[in-house]
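**Q** Fit chain C to the supplied structure of chain P, relying on the hints for placement.
Protein chains in written order, with the working numbering: chain P, 1 to 336; chain C, 1 to 336.
These are calculated hints, taken from the structure and not from any lab test.
This one's a predicted model, so the numbers in the text were calculated from it and none came from an experiment.
Honestly, I wouldn't trust all of these hints.
Because identical chains cannot be distinguished in the list, a pair is counted as satisfied if it fits within a single copy or across any two copies.
Taking lysine-lysine pairs in the DSS-like style, the calculated list, with each CA pair at most 27 Å apart, reads [stated by the list, open to error]: (1) 98 to 203; (2) 204 to 98; (3) 330 to 98; (4) 165 to 46.
2 protein chains.
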Amino acid sequence: PKRKLNIHPTPNNQSMNELRKDYLTDKWVIIASVRAKRPHDFKTPKEENNAANCFFCPGKEYTTPPEIYRVEKDSKWIIRVIPNKFPAVIPYGVSEIKTDNSFYTYASAYGRHEIVIETNEHGREIEDLPVDHIKKILRTFIFRIDELMKDPLIDYVSVFKNKGKSAGASIAHTHSQIIAYNNIPSAIKNELESSYRYYVLNKKCAFCDIISKEKNSHRRVLKTKHTIAFTPYASRFPFEIWLFPKRHVAGIGELNEDELLDFSASLKKILTKLKEIGNVPYNILFHSMTDKSANFHFHIEILPRLTVWAGFELETGTIINPVSPEDAAKFYRNEM
Amino acid sequence: PKRKLNIHPTPNNQSMNELRKDYLTDKWVIIASVRAKRPHDFKTPKEENNAANCFFCPGKEYTTPPEIYRVEKDSKWIIRVIPNKFPAVIPYGVSEIKTDNSFYTYASAYGRHEIVIETNEHGREIEDLPVDHIKKILRTFIFRIDELMKDPLIDYVSVFKNKGKSAGASIAHTHSQIIAYNNIPSAIKNELESSYRYYVLNKKCAFCDIISKEKNSHRRVLKTKHTIAFTPYASRFPFEIWLFPKRHVAGIGELNEDELLDFSASLKKILTKLKEIGNVPYNILFHSMTDKSANFHFHIEILPRLTVWAGFELETGTIINPVSPEDAAKFYRNEM
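Looking at chain P on its own, in the form it has when it is part of the complex (with noise of 0.2 Å):
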């Protein structure tokens, strides 16, 4: 009978892979430890970062869309945002979402796309630059993310940043990109029920809860006064890390002065930190709600883009990682 003789021992203490999924939604992942690797095994190369030609830097904003936004310093902008000349969503069309004969779902790409140029000097990256200029940059996203969600008819507004080609840029020139759109995006809304399921179960916020479980787990990485960071249980990707904040809030605009410089620091010791391996290519994603009663609790999570999905993981939804979460907490805490 199935799921009867399910022990099989090891031969040659041979190290396992495991199966495990994400704390609350369904997605599975493989630890494969058979194939693990080492941080130095990451080194990427250094990609062509040339200012000469940068539509990002100053003297070349006539280049780019109009301005949108800026923050100055001594009347000359360190933070900039405009348009994204290839916008992936439009404000014009029709947004409203139909389906026409069972199968076909659709509405125009409704939105507005925004790129923000984190500093205007080419080549520092956002470690580079000073805890208090990060923090102007978190609360660029909250003016935006306000501005933009007083559009009627935007369902969602997604803050990502993509760092070096592996990770979807296109630019080098360090800058975090918005797209605001007419659809509440499926993995929001599979993380939204999966936390409010809990929550019926449990009246706790899910991931208050994981925190609590995580700040002294092996994957624990870093505790500051507001801030907690680990490596989540079923990490997708090698070094794989989240960064909370300790008060439950549902998005990023409810944090306080005190929180939010808490939070770029925390922010610049772990990508600092990740800079160690060798110019490793990333995506930051933005996990926040606008809705305060939202059951969620705003964080970011970082992905190093060292791994390439390939047919399993396409066809499955299942992601081979070769890094445990534990190994790569112990390369945050400076333990290998």
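**A** Just chain C, lined up with the frame of chain P:
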């Protein structure tokens, strides 16, 4: 009130991007015609492909783990199945899935990970092989799926091909992979649940109905005696294409000799055409069930890996695709 004023005429006949949902599941894409590219924009540099140090070539059999199966011609192997030297899953450990403390769901990554070396001729790709040889490869998959499913601890057998580095291939000699493991993947579960819901409502196979719509749509590509190919409405990748047998079968193992030969010929035609773009990296996914009564219709998905999923895709699950499936179908139909 929300959703009222939702028609915003596009200025200057600017082409529109479209938000689209998959036929059945909650997977969304943005077809970004604004960023549209022509086939030749995707030309990919040829990768190094040196036979000298190839572990998969004849004469190097001693470098691989012990052979599992072979197909011979003139007493030489022409197809060879071997265990993966760096397996994602191994047939040891505790296969049963458990949950500790609400959040930690895990099992050993139990199963078998095999490589199918598709020809003894280094440098030849699937599309270079005779149709009858391709059929023998498919027969090999069928044989291995049947064998692997005999282990009661195996829940699903994933068959897939990675071609090119951007598609996750580390060895150039043409091969596919088989991962049999102790979980029904969430992506497959979603597909099965959606097609089951459709069946309950309509008493018909969802995929049979999709085929009957798409065979005459702008996305049609190929009709043969036993097969249909089209570019899916919510294509995630440029030039993504799906190939179905016309007859309703849940798994590849149910196809008869004629159907399998015709299916092989159609696969060869599609890959031959795709090659015109250049050295396209791609994955082939086999969506195939072993339970004949499953609400499913066997098909393969060919996914050219010509774009990188960036922060937006990873955060939202919404995939930006710069080539519309209607344009991709024109390419396959030799109309562009």
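**Q** Quick check: which numbered hints come out false for this structure?
**A** When the structure is compared with the hints, none of them turns out to be violated.
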